[in-house]
Every structure is written in C-alpha cells, then in structure tokens.
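Note that the protein sequences, when read in sequence, are chains A and B. Sequential numbering of the first sequence, starting at 1, is according to this note's numbering. Sequential numbering of the second sequence, starting at 1001, is according to this note's numbering.
Please note that the accuracy of each hint is not assured.
Not the full set, but computed from the structure, chain A residues with beta-carbon under 8 Å of chain B [said to hold, decoys possible]: (1) Thr-32; (2) Gly-65; (3) Gly-67; (4) Glu-172; (5) Ala-197; (6) Tyr-281.
Result set (SDA-like, lysine to any residue): computed pairs, CA atoms no more than 25 Å apart in a straight line [what the hints assert, rightly or not]: (7) B:Lys-1061 to A:Thr-261; (8) A:Lys-82 to B:Lys-1061; (9) A:Lys-70 to B:Ala-1091; (10) A:Lys-82 to A:Thr-261; (11) A:Lys-70 to B:Lys-1247; (12) A:Lys-70 to B:Ala-1113; (13) B:Lys-1247 to B:Ala-1433; (14) B:Lys-1120 to A:Thr-261.
Don't read these hints as lab results, they were simulated from the structure. A virtual CB, placed ideally from N, CA and C, is assigned to each residue, including glycine.
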Amino acid sequence: MTLPTLLEAPPRDAGPAPAAAPPRRHARLDRTYLVMLVPVLALFSLFIVFPALTGVLFSFTNYAGYGDWKFIGALNYVNMFKDPTILQAYLFTFFFALVSTLVVNVLSLALALALNAKIKWRTGMRTLFFIPMVLSGLVVAYVFNYLFSNTIPALADSLGFTPLASSILSDERFAWIAVVFVTVWQAAPGVTIIYLAGLQSIPGEVHEAAELDGAGGFRKFASITLPLILGYLVINVILGFKGYLGAYEIIVALTGGGPGTATQSVAMKIFSGFTGGDYAYQMANAVVFFIITVAISLFQLRIIQRRGVSL
Amino acid sequence: MLPDPSPTAPHSRAATPRRRRTALRRRTAAVLAVTLASGLALSGCATAGSDVVTIQFMQNKPEAVEYFADLVQRFEEENPDIRVVQGNSEAALVPGLIRGTPPDVTTRGWAYASADFAAKGIYADLSDLEAADRVDPSAQELVNSWGQYNGTEVSALPFSLAGAGVIYNEAIFAQFGVEVPTTWDEFVAACEVFAANGVTPVYGTYKDSWTLAQGLFDYTTGGLVDVAAFYAPPEDGAAPVTRSYTKTFAPAVEKMKTILSYTQKGAATRSYPDGNAAFAKGEAAMYFQGPWALSEINGINPDMQIGTFALPMTNDPADTKARVNVDSALSILRTTEHPAEARRFVEFLMQPEVVEAFNTDHAAFSPLTDAPAQANPQIAGLDPLFKAGRYYQGAVTYMPPAVPAQNYIQYFAGTGNGEGLLRNLDEDTQRVADRLVPTTTN
Chain A
1 MTLPTLLEAP PRDAGPAPAA APPRRHARLD RTYLVMLVPV LALFSLFIVF
51 PALTGVLFSF TNYAGYGDWK FIGALNYVNM FKDPTILQAY LFTFFFALVS
101 TLVVNVLSLA LALALNAKIK WRTGMRTLFF IPMVLSGLVV AYVFNYLFSN
151 TIPALADSLG FTPLASSILS DERFAWIAVV FVTVWQAAPG VTIIYLAGLQ
201 SIPGEVHEAA ELDGAGGFRK FASITLPLIL GYLVINVILG FKGYLGAYEI
251 IVALTGGGPG TATQSVAMKI FSGFTGGDYA YQMANAVVFF IITVAISLFQ
301 LRIIQRRGVS L
Chain B
1001 MLPDPSPTAP HSRAATPRRR RTALRRRTAA VLAVTLASGL ALSGCATAGS
1051 DVVTIQFMQN KPEAVEYFAD LVQRFEEENP DIRVVQGNSE AALVPGLIRG
1101 TPPDVTTRGW AYASADFAAK GIYADLSDLE AADRVDPSAQ ELVNSWGQYN
1151 GTEVSALPFS LAGAGVIYNE AIFAQFGVEV PTTWDEFVAA CEVFAANGVT
1201 PVYGTYKDSW TLAQGLFDYT TGGLVDVAAF YAPPEDGAAP VTRSYTKTFA
1251 PAVEKMKTIL SYTQKGAATR SYPDGNAAFA KGEAAMYFQG PWALSEINGI
1301 NPDMQIGTFA LPMTNDPADT KARVNVDSAL SILRTTEHPA EARRFVEFLM
1351 QPEVVEAFNT DHAAFSPLTD APAQANPQIA GLDPLFKAGR YYQGAVTYMP
1401 PAVPAQNYIQ YFAGTGNGEG LLRNLDEDTQ RVADRLVPTT TN
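Chain A on its own, in the form it takes in the complex:
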C-alpha cells in the first residue's frame, strides 16, 4: 500500500490559506513572512510581470522582434479579428480543449474506480497506469507519430481494414482525433491520481450504509461516490481545460499543425510570430488569449467558491 498512502488526500477543510493574515499583523510585520515573500515577489515581477507588460506594450506597435518600431494603436487587434486563420486556431483550440477535458475525465474516473476496487496486484496496476505521466509529452507524441504513420497503417493493410490503412495524421478531418488520443493517453494518469485520492477520502461506512439500504452499484456511484468527489471533479475539469488551451508540444510532434492548418492551436500561432517577423501581431493575439483565459478562470473560480472547494 505504498501508492495509496502517498496519494492520501488532504483533509477537505485544511487547504492552504495563504491569504490568512498573520495574527500580529497590526503590531509589526513578521520578518519570516517578508523573507519568504519579497524574493519570490521580486523574481515573479522580474521574470513574469515585467516581460508580460513589455509584450502588452509591443502589441500596440509594429515591432518585428528587431529593428525600428513605432506605435500603431490597436491596428494589430483590428487585423487579428479579421484574420480567419486566427479564428480557426481559436475554434480548434477550444474544441480540442473541450473534447480532451471530457474524454480525460470520463476515462480517468473509470480508471480510478477500477484501480480503487478490490483487484489483484492493485499497487502494481496503479504504478503501471502511472507510467505515461513520467514520460515527456514530446517523446510520447513522436512515438505515436511513428505508430500512426507506419505501424497502424501496415497492420490495417494486412488485415484488410481499409479505413485505417492510411495514416490518421494525414487526414485533415480526423487528425484531431489522434491529437486528442495522445493528449488523453498522456494526461490520464495525473487526473486518475487525483480521482484516486478523492475515492480514498470517502469513508467506507458511507458505502456500507448505502449497501444496507439496498443501493446497487450504479446507485452507489451516482448518489454517494460522485457527490463526495465532486470537488475533485471540478478541480480536474478546471485545471485540465486550462492546460489543454495551451496545447503545443504534442501537436507539434504529431502533426505540426497539419495536414494543412487543420490542427493549429493558438499557442502555435503565437509562437509563429517569433520566427515570422510577426512579433507584435502575435503579441496582440497573446494578449487576447490571455484575457480569454483569465475570464474563463474567473468564471471557474466562482463555481469553485460556490461549491466550497479550494484549489
């Protein structure tokens, strides 16, 4: 029982409370508090806030990444909203994030339930399912790139199964399925662990009581398990969705945004500005993407607060 103890969930109400004021606040600031806070604040400002603000500034210029520049007002933003390739990247990214969140959570919850049941070699199985999380997304995607392009078509061809005889990666209608598949394969273990922790936080008596009342398997899941791990579900959905919005390396290694431009994500589009002399334009894109992400996060935080869950 090594993993379960490792994965023990923290008590529900003992979440970190960084906002809690130190007791002697009005007397004088605790030096330990300052020693911990100031360096982090300074580093955060220097490496995150300052570059981000510089980026915002440049989004109002015609800067190419080098050379002269001047302010051009909101022209980059105006042009951005008229650019169908950017719109397409946004549509794809949100579609991809939605589908991935859905699939990852359904699959991981099922996996967590199975791994939490009384099965043989439970610890070994849990370790096995944890392995994808250790591998880098880029490595996983390159391996799957080979499987999709060579192994699967060859197998399908020899079995006479024509729909898979050509690589899914080279079909612009279905390439997104491959991207979602690899993303799910890589992300599921992390999500499963959080669900496992949630499942272990449910006291056994609750289930026993439900059984005594005559609840069946599905009823127990729907009325006992799910409500009790709802907090974990919300966290998984929120963190997952935010993460998938920034999809980059798996797509780069799998399809490179292709075939055509079918799987180009917003992050890829933004990054293209660095090599394309489109620095300021893609900075405007980044600012818009940032605002959208913040808006979604605030919306989700409201839901969390209503649920009484803390991250």
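With the hints as your guide, set chain B onto chain A.
Coordinates of chain B only, in the frame set by chain A:
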C-alpha cells in the same frame, strides 16, 4: 622568484605570461586549460597595441565549421595582423544587433529573412570590392532581386549556390530504356512507362510539408512563372504591387496535380527520411529533392548511380531552369569597427580557388564567372543550366514566413483543391501586406 601556484590571480599572471610559464606546467589539467584560454585571450589584447585586430565571423553552415576553421587559419597566417573568431549561432545575430555587438562578417543563406535585415540597412555596401566583379551577374541578381538598400547597394556576395532538381535512379531509367526528359511531354511519358511497369515514378513525402514546397511547388512554378518578376518589390515611391496567385500560378497547379498522380500510394504518410531510404533502396525512379538528400542517400546505398535533372515544365527544352538557393552569402555589418580588415577577409574568402574548392566539396555551385565545370556526377546534370545562368529561386522562399505556404501546399496535396491553395495564398498575402505596410512606411 617562484610564482604563486594558486590560481587566484589570473589577471596578474596573464599580464606577464612568459614569466609564469614554468609555473603553468605544475598545474592540474583543468587549471591549465582555463589558464591557457585566458592567456590566449589576453595575448590578443596584449598585442593589440601592435595592431592585431580581432574580427567576429558568423558562419551559418554547421557542417562546414572545420572547413572554415582551416580557411581562417590560412587567412591568419597570410594576415598576421588580423585574428578571426568563428561563431556559428545565427540566432545570436538579432540579440547582437540589439546589444550593439553584432559580428563583423557573416555568411547567411539569402532569402526572406536575410533580405529583411538588408532592407533595414544592417549590412555594408560591398559593390566596390574587387571580388564583386568576379561574381556572375545572374548569381548576384539572386541576392539583389530581394531589393537593394538605397537602391544600388550590394548587401551580400553569393558564396555558394545550391542547385536542386529531380534526383533519378540511373539503373531504373536504363532498365526501361527511358532517357532523361527534356520536355514536359517526355516527363509525363517517362512517368507512364514506369507506372505501367509497376515502378513508382515519383516518390512523395507529403508528411514533411517542406518537401512538397521546395520540390513539387517550387519546381513547377519556377518552370512556368518568372518568379523573380512576380515577387519583384515595387519601385521606390510606386504603389505596392498586387500579386495574384490565382491568375499567375493556375497552370502550374494543374501540372502539380499530374505529378501528384504519379506518386506512390500512401505518400501522405511518408516523411523525408522515409523518402531517402525508399529511394536509396530503388523503390522509385525519381525523387524531387535537393543536393542535401544526396548525402543521405549515398549513406544508405553508397553504390547507387544517381543523377539530377531540372524538371522540364514546357515542351521547349530552352525553357527549362534549375531551382537555386543562395546557400551562403558573405556580408559585412555596417557597424563594424574594422571595415578594412573585414573587407580583406571577405576578399580572401571570395578568391576563386577558395570559392570553387568549397563548392566542389559541398556538392554546390560556384557563383563566380568562369567557374570550372561541376565534377560531381550526381549534380553535373544541372551544370549547363548554371553555366548559362538559367535558374530561379523557389517561389516559397519569397513568401513572408507569416504565410503558412507549406501547410497550404500540404492541404492541396491531400485534397487536390488547387483553387483553395491559390485562394489561401492570395488572401494571406494580402492580409500580411496590410499589416506590414506600417513597418515599411516607418
């Protein structure tokens, strides 16, 4: 008089390097290396008073680092008053410009990005170098066609030209009695012969979209369209040119479809390394790749007989041209503090024997007039075209990087929607032009 053995005072030691030499021997290897390095650097400084000038040389070809190191050594022997430091990070150029410490001399592949630097005036004018007179005018035009700073300046001298065409398997051609095609009809007929005999006429690697762009797209458009004229920058003060891909490139797209129909089944799933391996194993008669693929193929199958011909796109053999790119061009930064020394170094590198030896060694073509014939049989097929200056730069190289042309071409190869490809190119080009206008009227 025993020197202090502790390595704490490198400055004082280096100031009197000779006196400390005996002490050096006693040190551990690591300390020795560090000390030697600082000693070397400082000896450069120390002798600066006696007029040794150091110039920074940014060289863009990672495979030629040692080759250029030898050249630098030769140059330093002939010119003891100049020291040349070779660097190989092209990415360091822009940070260097921003910090005000760019290299003095650079070699770069000459295409959109380099031309953009030149348009911002970062390079000095080289037109009055002696070496400039030895460059074949049509090779110089490859650089100048991107636009000349102040209208007349020469920002770079071409050093090495890479010629690309159709690589073909001589054994398969001989087996079916097919001659190297000199017209479009002969090319299609050859494809028919191979297809009828169960041989893949052209090996396609659509998975790597750049192979479609530089091969299929550039060869067909280069043979049918005057690419340089199509992309010619507007005259000073003139209105921006409106280019229409849909109007100009449509005939080429039709011929692309024909060529696509002769590629193997499953070409969409094949990558560039797959293509090299398959061609080296004799799985196809022809392969649309440049000289960079030759070393890969030779590595897999050293005994293979390979030739290269330029893809004929019309039925008049006189129309056939080779695809070229300026793989390496020499420039001097305008801000250099040692213009005279930098120019001597460029003159040294542009000597006919240096240029020609380099290009023979690297399966490339010399940009100089009166260059000797290319002896490498694998690319000799392009030599007459280079002699006659019959070449073009690929259309894709002229497109701004913000236009994802390679992705659009891949989309076309997958769907056959040529109108969509040209419409995408037109619309994207227009959008990029719209948002780049403020930059150019800065």
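Right, here's what the structure says about each hint:
1. Thr-32: With a closest approach of 38 Å, the Thr-32 (chain A) hint is violated.
2. Gly-65: holds, 7 Å
3. Gly-67: Hint holds; Gly-67 (chain A) Cβ to chain B Cβ min 5 Å, cut 8 Å.
4. Glu-172: Constraint on Glu-172 (chain A) satisfied, holds at 6 Å.
5. Ala-197: The hint is violated - Ala-197 (chain A) has no Cβ within 8 Å of chain B, the shortest such distance being about 41 Å.
6. Tyr-281: Holds - the Cβ of Tyr-281 (chain A) comes within 8 Å of chain B, reaching about 6 Å at its closest.
7. B:Lys-1061 to A:Thr-261: violated, 31 Å
8. A:Lys-82 to B:Lys-1061: This hinted pair is violated, its Cα atoms lying about 40 Å apart.
9. A:Lys-70 to B:Ala-1091: holds, 24 Å
10. A:Lys-82 to A:Thr-261: holds, 17 Å
11. A:Lys-70 to B:Lys-1247: violated, 35 Å
12. A:Lys-70 to B:Ala-1113: holds, 20 Å
13. B:Lys-1247 to B:Ala-1433: holds, 18 Å
14. B:Lys-1120 to A:Thr-261: violated, 31 Å
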